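Asks: Residue strings, one per chain:
2 protein chains.
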Amino acid sequence: MQQQISVITLGIDDRARSRHFYSEGFGWTPIFENDEIIFYQMNGLVLGTFDRSALAKDMNRFDLVTPGAFSLAHNVAEKEDVEPLMARLAQAGGRIIRPADAPPHGGYRGYVADPDDHAWEIAWNPTWPMDAEGRVRFGL
Amino acid sequence: MQQQISVITLGIDDRARSRHFYSEGFGWTPIFENDEIIFYQMNGLVLGTFDRSALAKDMNRFDLVTPGAFSLAHNVAEKEDVEPLMARLAQAGGRIIRPADAPPHGGYRGYVADPDDHAWEIAWNPTWPMDAEGRVRFGL
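Those sequence lines, one after another, are chains A and B.
5 is the number of the first residue of the first sequence in my numbering; add one for each residue after it.
5 is the number of the first residue of the second sequence in my numbering; add one for each residue after it.
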């Protein structure tokens, strides 16, 4: 069985607000958008931001709550990249949950919530190699 | 800015229960594990299952709740693969939220919650190409 994640879909309440965060904060360009969903092509998978009630209907699960017990991470190439990106995300409508510091396992990271309260870890992790297409491998 | 997700981390309450679901249900092999966290190497990113209270401490966010307003998707090669995988996941401690059917946008899919209530969409999506390493591209 392939160890494979095809899509991460985040429920959002305000399409323009979310789009602003991802396009101005991260600098990402949608590959598709309509009134309900925006897709971003990522490193071997797709990120979707989907109207929360439409996601609930699709999942057949109507009790969705935030903040969920999960986080997404975006790794950057240099330690010095962490804080400027966190600042840009905050300026684009994000909220800093944990200012950047050095975790016990090494590297450097902080957390920012997107406008719908989904948490992103912005991390410099020198033991996890990343190729030119952004594909990451676990390392120690 | 790279359109890049390095890690998806799910908060879990019972390490053995979660490990059973991912290893027996999906058939995935950890690349690293200790008492707090299990990592799985995926298609260009890493999946982590992390003790929920340790995740909360790392995120500096102590009000984590489920079910979160997000879903993960695992695409399969054939329509006929969807239901057997959903059944295997249910047998390994998952819970079917939505039995498989055909969504308006095409393909075939259902949803299964993992033992910690994180939702996985199991999908056949013939318009989204997937290469031999499981890397997916958006398609129409």
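Wrong hints could be hidden among the right ones.
Intra- or inter-copy, both count: the list cannot distinguish identical chains.
Claimed, not checked - Capping the alpha-carbon separation at 20 Å, the derived lysine to any residue pairs in SDA-like fashion look like this:
1) K61 / D135
2) K61 / H24
3) K61 / E137
4) K83 / R19
5) K83 / M5
6) K61 / R99
7) K83 / F66
8) K61 / I101
9) K61 / D39
10) K61 / E37
11) K83 / Q6
12) K61 / T131
13) K83 / L68
14) K83 / D18
15) K61 / T33
16) K61 / P88
17) K83 / D39
Derived by calculation from the structure, the hints in this document are not laboratory data.
Since the structure is predicted, the reported quantities are computational estimates derived from the model, not experimental observations.
Asks: Hints first: check each against the structure and report whether it holds.
Replies: Right, here's what the structure says about each hint:
When the C-alpha separation of K61 and D135 is checked against a cutoff of 20 Å, the pair qualifies neither within a copy, at 37 Å, nor between copies, at 30 Å. For the homomeric pair K61 and H24, neither the shortest alpha-carbon distance inside one copy (25 Å) nor that between copies (29 Å) is at most 20 Å. Taking CA atoms no more than 20 Å apart as the test, K61 paired with E137 passes in neither setting, with 34 Å inside one copy and 31 Å between copies. When the C-alpha separation of K83 and R19 is checked against a cutoff of 20 Å, the pair qualifies neither within a copy, at 31 Å, nor between copies, at 31 Å.
With identical chains, the CA atoms of K83 and M5 are at most 20 Å apart between copies only, with a shortest distance of 15 Å across copies and 36 Å within one. In the homo-oligomer, the alpha carbons of K61 and R99 lie at most 20 Å apart only across protomers (17 Å), although the nearest pairing inside one protomer, at 28 Å, exceeds that limit. For the homomeric pair K83 and F66, neither the shortest alpha-carbon distance inside one copy (40 Å) nor that between copies (26 Å) is at most 20 Å. In the homo-oligomer, the alpha carbons of K61 and I101 lie at most 20 Å apart only across protomers (11 Å), although the nearest pairing inside one protomer, at 30 Å, exceeds that limit.
Taking the closest pair of Cα atoms, K61 and D39 come within 20 Å of each other only inside a single copy of the chain (16 Å); across copies the shortest separation is 36 Å, beyond that limit. For a Cα distance limit of 20 Å, the shortest separation of K61 from E37 inside one copy, 19 Å, qualifies, whereas the shortest one across copies, 35 Å, does not. For the identical chains of this complex, K83 and Q6 are inter-copy neighbours only, at 16 Å across copies versus 32 Å inside a copy, given an alpha-carbon limit of 20 Å. For the homomeric pair K61 and T131, neither the shortest alpha-carbon distance inside one copy (40 Å) nor that between copies (22 Å) is at most 20 Å.
In this assembly of identical chains, the alpha carbons of K83 and L68 never lie at most 20 Å apart, being 35 Å within a copy and 28 Å across copies at closest. Taking the closest pair of Cα atoms, K83 and D18 never come within 20 Å of each other, the shortest separation being 32 Å inside a single copy and 33 Å across copies. Proximity of K61 to T33 under the C-alpha cut-off of 20 Å is found in neither arrangement, the shortest distances being 26 Å within a copy and 32 Å between copies. Within a single copy, K61 and P88 get their C-alpha atoms no closer than 37 Å, and across copies no closer than 23 Å, so neither meets the 20 Å cut-off.
Within a single copy, K83 and D39 get their C-alpha atoms no closer than 37 Å, and across copies no closer than 28 Å, so neither meets the 20 Å cut-off.
When the structure is compared with the earlier hints, violations turn up for hints 1, 2, 3, 4, 7, 12, 13, 14, 15, 16 and 17 and for no others.
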